[in-house]
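> If you're matching them up, the sequences are chains A and B in order. The first sequence begins at 1 in my numbering and counts up one residue at a time. The second sequence begins at 1 in my numbering and counts up one residue at a time.
These aren't lab readings, by the way, just hints derived from the structure by calculation. Be a bit skeptical, because a hint or two may be false.
Stated by the list, open to error - Facing chain A, according to a computed beta carbon distance under 10 Å, are these residues of chain B, among others:
(1) Glu44
(2) Pro68
(3) Glu70
(4) Ile74
(5) Arg80
(6) Leu87
(7) Leu97
(8) Arg143
(9) Ala159
(10) Val161
(11) Arg179
(12) Phe297
(13) Tyr312
(14) Gly318
We put the CB at the ideal spot given by N, CA and C, even for glycine.
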Amino acid sequence: MTEQLSPGTVPRHGLRLPWARLGLAALGAVLVLFVVGPLLRLLFLATPQGLADGFRDPELQASIALTVAAASVATMLAVVFGLPLAYLLARRRFRGRRLVQALIELPVVIPHPVAGIALLLFLGRRSAVGGALADIGLEVVSHAPGIVAAMLFVSAPILVSGAREAFAGVDPRLERVARTLGDTPWLAFRRVTLPLAGRGILAGAILAWARSVSEFGAIVILTYNPKVASILIYDRFTTQGLPAAVPAALVLLLVALAVFGLVRWLQPEEPR
Amino acid sequence: MIRLEGLAVRVGEFDLRDISFEVPAGGYGLIIGPTGSGKTTLLEAVAGHNPVRAGRIRLHDEDVTDLPPERRGIGFVYQRYYLFPQLSVRENIRYGLARGPLGMGAQQERVAELADLLSISDLLDRGISGLSGGETQRVALARALAPRPSILLLDEPFAAVDPTTRHMLRRELRALHEREHITTLQVTHDFDEALRLGDLVAVLADGRIAQQGRPDEVFRYPNSAFVARFIGTGTVLSGTVKRLTASDHAPFAAHFTSGPLTFEVIAEREGPAHAVLRSEDLLLSREVQPTSARNHFPAVVRQVERLGPLTYVHLDAGRLLTAAVTSASCEALGIAQGVHIVVTVKATAIHLV
Numbered sequence: 001m002t003e004q005l006s007p008g009t010v011p012r013h014g015l016r017l018p019w020a021r022l023g024l025a026a027l028g029a030v031l032v033l034f035v036v037g038p039l040l041r042l043l044f045l046a047t048p049q050g051l052a053d054g055f056r057d058p059e060l061q062a063s064i065a066l067t068v069a070a071a072s073v074a075t076m077l078a079v080v081f082g083l084p085l086a087y088l089l090a091r092r093r094f095r096g097r098r099l100v101q102a103l104i105e106l107p108v109v110i111p112h113p114v115a116g117i118a119l120l121l122f123l124g125r126r127s128a129v130g131g132a133l134a135d136i137g138l139e140v141v142s143h144a145p146g147i148v149a150a151m152l153f154v155s156a157p158i159l160v161s162g163a164r165e166a167f168a169g170v171d172p173r174l175e176r177v178a179r180t181l182g183d184t185p186w187l188a189f190r191r192v193t194l195p196l197a198g199r200g201i202l203a204g205a206i207l208a209w210a211r212s213v214s215e216f217g218a219i220v221i222l223t224y225n226p227k228v229a230s231i232l233i234y235d236r237f238t239t240q241g242l243p244a245a246v247p248a249a250l251v252l253l254l255v256a257l258a259v260f261g262l263v264r265w266l267q268p269e270e271p272r
Numbered sequence: 001m002i003r004l005e006g007l008a009v010r011v012g013e014f015d016l017r018d019i020s021f022e023v024p025a026g027g028y029g030l031i032i033g034p035t036g037s038g039k040t041t042l043l044e045a046v047a048g049h050n051p052v053r054a055g056r057i058r059l060h061d062e063d064v065t066d067l068p069p070e071r072r073g074i075g076f077v078y079q080r081y082y083l084f085p086q087l088s089v090r091e092n093i094r095y096g097l098a099r100g101p102l103g104m105g106a107q108q109e110r111v112a113e114l115a116d117l118l119s120i121s122d123l124l125d126r127g128i129s130g131l132s133g134g135e136t137q138r139v140a141l142a143r144a145l146a147p148r149p150s151i152l153l154l155d156e157p158f159a160a161v162d163p164t165t166r167h168m169l170r171r172e173l174r175a176l177h178e179r180e181h182i183t184t185l186q187v188t189h190d191f192d193e194a195l196r197l198g199d200l201v202a203v204l205a206d207g208r209i210a211q212q213g214r215p216d217e218v219f220r221y222p223n224s225a226f227v228a229r230f231i232g233t234g235t236v237l238s239g240t241v242k243r244l245t246a247s248d249h250a251p252f253a254a255h256f257t258s259g260p261l262t263f264e265v266i267a268e269r270e271g272p273a274h275a276v277l278r279s280e281d282l283l284l285s286r287e288v289q290p291t292s293a294r295n296h297f298p299a300v301v302r303q304v305e306r307l308g309p310l311t312y313v314h315l316d317a318g319r320l321l322t323a324a325v326t327s328a329s330c331e332a333l334g335i336a337q338g339v340h341i342v343v344t345v346k347a348t349a350i351h352l353v
């Protein structure tokens with residue numbers, strides 16, 4: 001039997017026992033149902049009328065607009081400051097590269113309320129940085145910039161690692177060929193590396209954006225008001241109960257699903 | 001002209017030192033060396049991708065050592081070609097023209113001319129996935145030649161194609177080289193390629209040039225056991241040279257002894273040495289032949305390797321030797337595994353290093 005094996009696949013004849021296969025499938029199904037079940041339960045509550053009401057609710061509208069705007073600004077900042085870093089991490093072997101890489105991934109393991117408290121101490125009016133920002137008229141804590149700061153903190157690692165992988169996937173010799181064909185380093189980057197890494201970078205940016213939209217823990221400490229969507233849902237749940245929170249939750253879920261679909265479509269197919 | 005003067009380059013584990021080599025204008029030079037001897041590193045240094053620690057690089061009398069790759073006027077073809085996957089065949093070839101002085105019409109004309117020259121005209125509007133190895137190689141070559149570089153650098157350009165395509169591409173490349181008069185430097189691990197293509201060859205070993213010269217000269221007169229073994233000149237034996245005459249003048253008649261074997265040789269100096277016995281200089285017969293050759297010794301055939309018109313006979317004469325005979329005389333002599341045979345070699349045919 002000459003079966004082509006790719007890494008990570010189990011040879012088919014390795015699982016000939018039907019009971020073993022059935023057992024594995026059953027265990028897997030439990031987890032899949034556990035993830036899908038609650039989301040389906042929430043989606044089943046959606047009626048055209050209920051959704052229309054949700055989208056017409058002015059407070060929810062404002063909150064979603066604020067969330068989308070803040071997430072977009074945070075993603076743009078992550079792109080502006082993160083892309084050069086991702087390129088350096090992918091291409092150059094410099095002293096402290098591993099340290100920088102570890103530092104930029106740190107937010108992933110920090111509980112988000114902890115991140116919120118750290119940001120509050122760093123950007124609060126009484127801190128050096130927060131004070132300086134306030135002096136130039138940029139109020140962070142309890143204002144929209146606080147939301148952006150919290151979103152940037154939790155989503156930057158996603159963008160940087162996505163872009164780093166995308167850059168690393170482009171063979172540097174393609175750039176070298178472009179150089180011998182007359183390109184300056186910048187032109188070679190723009191004509192070869194960026195187009196080839198583009199899909200991966202875009203996927204990373206969308207994931208970072210989605211992470212920002214779903215952020216709660218750090219924002220709730222830094223800027224409770226004005227309320228982003230996740231905080232509005234929490235606020236309605238605690239003050240008015242479950243039925244009041246559901247329409248907002250549904251709208252946010254639909255936005256998240258749309259983004260998820262977009263990212264799956266952008267990501268290159270896994271090799272079979 | 002490509003002139004490397006005492007070049008030193010270090011990239012990662014590769015440490016190239018004291019590389020001096022010159023390919024005259026319009027010439028075809030080859031650098032050969034085993035895998036991992038730093039050939040690609042050297043070529044990339046000439047292209048300007050690797051920083052030079054010492055020495056100078058001159059291209060057509062211009063010192064380009066401190067110039068970036070885009071200002072050196074070179075074309076570069078890698079072993080794995082590195083076509084731009086997001087572009088069509090046409091766009092790949094046009095890449096180096098797009099920002100040059102030519103208008104769109106002239107660019108398309110140049111692309112069509114090269115495509116015609118390399119027989120890839122019907123591929124122009126295809127993407128690059130699905131091209132065969134030979135097609136990919138032609139596209140890479142067309143892309144490198146499009147901006148009319150004065151220097152062409154080739155990194156093992158035939159390593160990734162099948163033997164038939166390789167022979168064809170070699171002939172075409174040689175013809176192209178003669179037509180465009182482009183000074184070419186190629187690296188390869190295949191000495192056969194040097195014999196077929198090059199005007200000049202340098203053998204790279206341990207980050208230095210072990211020998212350079214015309215390919216047939218290097219092949220006939222390797223200057224070290226390493227070079228002889230690497231380019232496959234023949235059997236290399238280590239042993240000792242002992243003078244036979246009282247005369248002080250070199251060269252002198254001498255004995256070369258390697259284990260149980262002793263040959264009469266013409267030597268320049270005494271002491272430890274290596275003898276290179278070219279396969280085609282070993283004559284095989286059933287009995288000792290009445291010739292002027294001084295060296296006859298018995299051997300047993302260990303293995304017979306038929307390669308078309310030529311047959312390689314591996315012999316045990318106390319030392320392992322390889323002889324090359326025509327397949328016809330191999331038949332006539334009845335050479336087969338286990339057969340006892342007489343080996344004859346002229347003293348002047350043994351090259352001492």
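> Does each hint hold? Answer for all of them.
Evaluated hints:
For the restraint placing Glu44(B) at the interface with chain A, the shortest Cβ-Cβ distance is roughly 7 Å, inside the 10 Å limit, so the hint holds. Interface restraint check: Pro68(B) against chain A, minimum CB-CB distance 7 Å, threshold 10 Å, status holds. Hint on Glu70(B) holds. Least Cβ distance to chain A is approximately 5 Å, under the 10 Å limit. Taking 10 Å as the C-beta contact cut-off toward chain A, the hint placing Ile74(B) at the interface holds, the least distance being around 6 Å.
Against a cut-off of 10 Å between C-beta atoms, the interface hint on Arg80(B) holds, since the closest Cβ of chain A lies about 8 Å away. Against a cut-off of 10 Å between C-beta atoms, the interface hint on Leu87(B) holds, since the closest Cβ of chain A lies about 9 Å away. Checking Leu97(B) against chain A: minimum C-beta separation of about 9 Å stays under 10 Å; hint holds. Here the hint on Arg143(B) is kept, as its CB sits about 7 Å from the closest CB of chain A, short of 10 Å.
For Ala159(B), the interface hint is violated, since its Cβ never comes within 10 Å of a Cβ in chain A; the closest pair sits about 15 Å apart. Interface hint status for Val161(B): violated, as the beta-carbon distance to the closest one in chain A is roughly 18 Å, over 10 Å. Proximity of Arg179(B) to chain A is violated relative to the hint, the smallest CB-CB distance being about 21 Å (cut-off 10 Å). Because the beta carbon of Phe297(B) sits about 50 Å from the nearest beta carbon in chain A, more than 10 Å, this interface hint is broken.
Of the supplied interface hints, the one on Tyr312(B) is violated, with its beta-carbon coming no nearer than about 34 Å to a beta-carbon of chain A, more than 10 Å. Interface restraint check for Gly318(B): the shortest CB-CB distance to chain A comes to about 47 Å, outside 10 Å, so the restraint is violated.
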